[in-house]
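Colleague: Residue numbers (my numbering), protein chains in the order written: chain A, 1 to 436; chain B, 1 to 436.
Heads up, none of these hints are tricks.
Facing chain B, according to a computed beta carbon distance under 8 Å, are these residues of chain A, among others:
no.: 1; residue: Ala299
no.: 2; residue: Pro305
no.: 3; residue: Asp316
no.: 4; residue: Val329
no.: 5; residue: Phe334
It is worth saying that the hints were derived from the structure and are not from the lab. Every residue gets a Cβ at the ideal spot worked out from N, C-alpha and C, and that includes glycine.
2 protein chains.
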Amino acid sequence: MEAVKIGLLGLGTVGGGTATVLLRNAEEIQRRLGRGIEVSHVAGLGIAQQSIVDPAKVKLTEDAFEVVNDPEVQIVVELIGGYTLAKDLVLKAIENGKHVVTANKALIATHGSEIMKAAAAKGVMVSYEAAVAGGIPIIKAMREGLAGNRIQWVAGIINGTGNFILTEMRDRGSDFNDVLKEAQRLGYAEADPTFDVEGVDAAHKLTILASLAFGIDLQFDKIYTEGISKITTEDVNYAAELGYSIKHLGIALKAEEGIELRVHPTLIPEKRLLANVDGVMNAVLVYADAVGPTLYYGAGAGAEPTASAVVADIIDTIRGMNVPVEQKVPLLGFQPEAMRNIPILPIEATFTSFYLRMNAEDKPGVLAEVSEVFADHKISLEAVLQKEAVKGESWVKLVLLSQQVREEKMNVAIKEIEALSAIKGEVVRIRMERLG
Amino acid sequence: MEAVKIGLLGLGTVGGGTATVLLRNAEEIQRRLGRGIEVSHVAGLGIAQQSIVDPAKVKLTEDAFEVVNDPEVQIVVELIGGYTLAKDLVLKAIENGKHVVTANKALIATHGSEIMKAAAAKGVMVSYEAAVAGGIPIIKAMREGLAGNRIQWVAGIINGTGNFILTEMRDRGSDFNDVLKEAQRLGYAEADPTFDVEGVDAAHKLTILASLAFGIDLQFDKIYTEGISKITTEDVNYAAELGYSIKHLGIALKAEEGIELRVHPTLIPEKRLLANVDGVMNAVLVYADAVGPTLYYGAGAGAEPTASAVVADIIDTIRGMNVPVEQKVPLLGFQPEAMRNIPILPIEATFTSFYLRMNAEDKPGVLAEVSEVFADHKISLEAVLQKEAVKGESWVKLVLLSQQVREEKMNVAIKEIEALSAIKGEVVRIRMERLG
Numbered sequence: 001m002e003a004v005k006i007g008l009l010g011l012g013t014v015g016g017g018t019a020t021v022l023l024r025n026a027e028e029i030q031r032r033l034g035r036g037i038e039v040s041h042v043a044g045l046g047i048a049q050q051s052i053v054d055p056a057k058v059k060l061t062e063d064a065f066e067v068v069n070d071p072e073v074q075i076v077v078e079l080i081g082g083y084t085l086a087k088d089l090v091l092k093a094i095e096n097g098k099h100v101v102t103a104n105k106a107l108i109a110t111h112g113s114e115i116m117k118a119a120a121a122k123g124v125m126v127s128y129e130a131a132v133a134g135g136i137p138i139i140k141a142m143r144e145g146l147a148g149n150r151i152q153w154v155a156g157i158i159n160g161t162g163n164f165i166l167t168e169m170r171d172r173g174s175d176f177n178d179v180l181k182e183a184q185r186l187g188y189a190e191a192d193p194t195f196d197v198e199g200v201d202a203a204h205k206l207t208i209l210a211s212l213a214f215g216i217d218l219q220f221d222k223i224y225t226e227g228i229s230k231i232t233t234e235d236v237n238y239a240a241e242l243g244y245s246i247k248h249l250g251i252a253l254k255a256e257e258g259i260e261l262r263v264h265p266t267l268i269p270e271k272r273l274l275a276n277v278d279g280v281m282n283a284v285l286v287y288a289d290a291v292g293p294t295l296y297y298g299a300g301a302g303a304e305p306t307a308s309a310v311v312a313d314i315i316d317t318i319r320g321m322n323v324p325v326e327q328k329v330p331l332l333g334f335q336p337e338a339m340r341n342i343p344i345l346p347i348e349a350t351f352t353s354f355y356l357r358m359n360a361e362d363k364p365g366v367l368a369e370v371s372e373v374f375a376d377h378k379i380s381l382e383a384v385l386q387k388e389a390v391k392g393e394s395w396v397k398l399v400l401l402s403q404q405v406r407e408e409k410m411n412v413a414i415k416e417i418e419a420l421s422a423i424k425g426e427v428v429r430i431r432m433e434r435l436g
Numbered sequence: 001m002e003a004v005k006i007g008l009l010g011l012g013t014v015g016g017g018t019a020t021v022l023l024r025n026a027e028e029i030q031r032r033l034g035r036g037i038e039v040s041h042v043a044g045l046g047i048a049q050q051s052i053v054d055p056a057k058v059k060l061t062e063d064a065f066e067v068v069n070d071p072e073v074q075i076v077v078e079l080i081g082g083y084t085l086a087k088d089l090v091l092k093a094i095e096n097g098k099h100v101v102t103a104n105k106a107l108i109a110t111h112g113s114e115i116m117k118a119a120a121a122k123g124v125m126v127s128y129e130a131a132v133a134g135g136i137p138i139i140k141a142m143r144e145g146l147a148g149n150r151i152q153w154v155a156g157i158i159n160g161t162g163n164f165i166l167t168e169m170r171d172r173g174s175d176f177n178d179v180l181k182e183a184q185r186l187g188y189a190e191a192d193p194t195f196d197v198e199g200v201d202a203a204h205k206l207t208i209l210a211s212l213a214f215g216i217d218l219q220f221d222k223i224y225t226e227g228i229s230k231i232t233t234e235d236v237n238y239a240a241e242l243g244y245s246i247k248h249l250g251i252a253l254k255a256e257e258g259i260e261l262r263v264h265p266t267l268i269p270e271k272r273l274l275a276n277v278d279g280v281m282n283a284v285l286v287y288a289d290a291v292g293p294t295l296y297y298g299a300g301a302g303a304e305p306t307a308s309a310v311v312a313d314i315i316d317t318i319r320g321m322n323v324p325v326e327q328k329v330p331l332l333g334f335q336p337e338a339m340r341n342i343p344i345l346p347i348e349a350t351f352t353s354f355y356l357r358m359n360a361e362d363k364p365g366v367l368a369e370v371s372e373v374f375a376d377h378k379i380s381l382e383a384v385l386q387k388e389a390v391k392g393e394s395w396v397k398l399v400l401l402s403q404q405v406r407e408e409k410m411n412v413a414i415k416e417i418e419a420l421s422a423i424k425g426e427v428v429r430i431r432m433e434r435l436g
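Isolated chain A (complex conformation) (with noise of 0.2 Å):
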């Protein structure tokens, strides 16, 4: 059989690692496809990124409009990232009667429901498992391998520069700007990490493992996002003292007014096997009704693990190409007709336990006054930890775990536990998921 034409728009870290994997293992590709896979157009910017594929080879442009344009090109590969021009040339591509595959969760997460929608107009696929977790086959596992189950609950680590800094807040002690310095210099973090370090990124790729797991629409805007700039190296250490690790964690879960959708740092026991994933590793958590607990674990990013997932992509589009609609795996896993419409609550309706650390007046009773607080609006605690007080100062930390509780019961809690006149500043709070 003729080798499918594949144009690749982007020859950046994953555009080149996907050139790259595709040339080296042209042969085992074969060996399970039945087919070979050629690159057959590139647009890339400059020499110095083209240098990676071979001219003599493969139709080089500066212009991705060509490729997308191009009535050779049967599978459009979009690396481009970012979402005005991605959007432009993915709606191009499928326009033109293109499969695509993507790597570009910021594009699914914000215009996903679009270019399904243009995408199942023309009877095309748009595949991104390398939007979520980079080479680890979530996508593929939640739609199809889980596919017998109700999915209850997603909780994953799909940040890899959030997670190594915050391993390496736990394992050598340094404070978060220290830490976020070196993710720079090893090249883990951008210049602005804003995207990683506030949530955004986890909170993209939350969208699409949401819209997987209960067949709702893709609703980014939705999201509570929270990052891990304030996490101090005290709470760190106070978790471990307690038995937990704070990891930044994409949750999505079906409770019965509605979905929770939230991106925070969490407490969560450190015998879990999600504790244990560190530095720049991924891992997603997927608790079904059937199958129970499985969890998917591997490189969330990268130039050859994100490439991995975009030519899974490929040989699955093009097994794909011309299988009638209603024997294909649906593009968001559920048939568009079954798509629902369930509520997402909002944060002040979740349900979580909570670290709760507080600076109290280091005299007889105010433990019992704090209690009582919680008492009064039956929040059960489950652990007390109080530090004596530093030399000099008259000062105690008091740190508090308590059990499950409605947000907005726990925000009222607080605010009168601030009120008291023991306790001094604010209540620093980490939301907790014991993930069983």
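Mind docking chain B on chain A? Use the hints.
Modeller: Chain B in isolation, oriented as in the chain A frame:
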């Protein structure tokens, strides 16, 4: 679209679980698949089993051949287990042009080649996701999710009974036989536990994983298999002291001279995720050239976890019906004509590190003598642990960790050490893998 008619062979643990999941999750499955799945025929022994299904809607029989021969049945789901009858039923189903889904690892590992050939000739699918690691979608991950990679090695905890026993031995300090009895009481181990604890079940699964990893025939008879029944709490404790856990691993590895296929107790660094997979849970770590390490974790057995994989296979089978064979995922992940004949190495030709424990006379110079033997054979030692003599005894325990070495070289060294007058009895050895 009309519902697809399924014939279920077997209504034991997995058969009952499959019937339950298909019924309970019918709506969610329909949302994904776009059509219904109807259990139209069931072969189960006796009324007690058959009470799981509604006799008003299902054709019940005690004769599984009736199901296999019924023209109405489109997919036969074999959940009887064992070899002879299951094989006859599966081959008959294929002959009748029916697709087959099975959870039967023993059948696939030992008769898989014959079955796959028959299926290919008839143009039907045979799926077996549930045969390895229960509910973990590892077959799908390796065949499809990692299809762009050259897989280099696979290491898995693929027998829950064995992992439960080793976990309890470590956590409670109980010895093998006590924990085995506990496992039998809890229903985790059979009355005759040989299959699980001696590694036969793990070898069945490894046979399948190796085929999927490298594109080689199913070769159960070539696997080196060693059980866990000789592991002592003493070794578990020394391993822990050195920073290692003992796990019963199935390992398939592409070495220069050929493929290593081995099931044996293995020391692994306790920081590895695999070392933290406890109790009856399973996990498979795959190392591939582009993606690097990925790990897949979940329940390896049980009614509904296994049913989860069976139902995923049923859904995939329905999606694949009438799709041209050249566009389907090949039954063993590689095109039949691309399968390779790579030599499977005898255990003597494999490379691992070793944990060695011996009784040495409590006098100066013994460690030097032992070390000299290793030096003579150019075997490097990584760690030495010498335990003080028990009161009243003139022997000390000597525990050594070696660097990687060809097994036949280690065999010679161990023989020489056992011949030393200062060494009493046999040298206990457990292989060790860093999984780095």
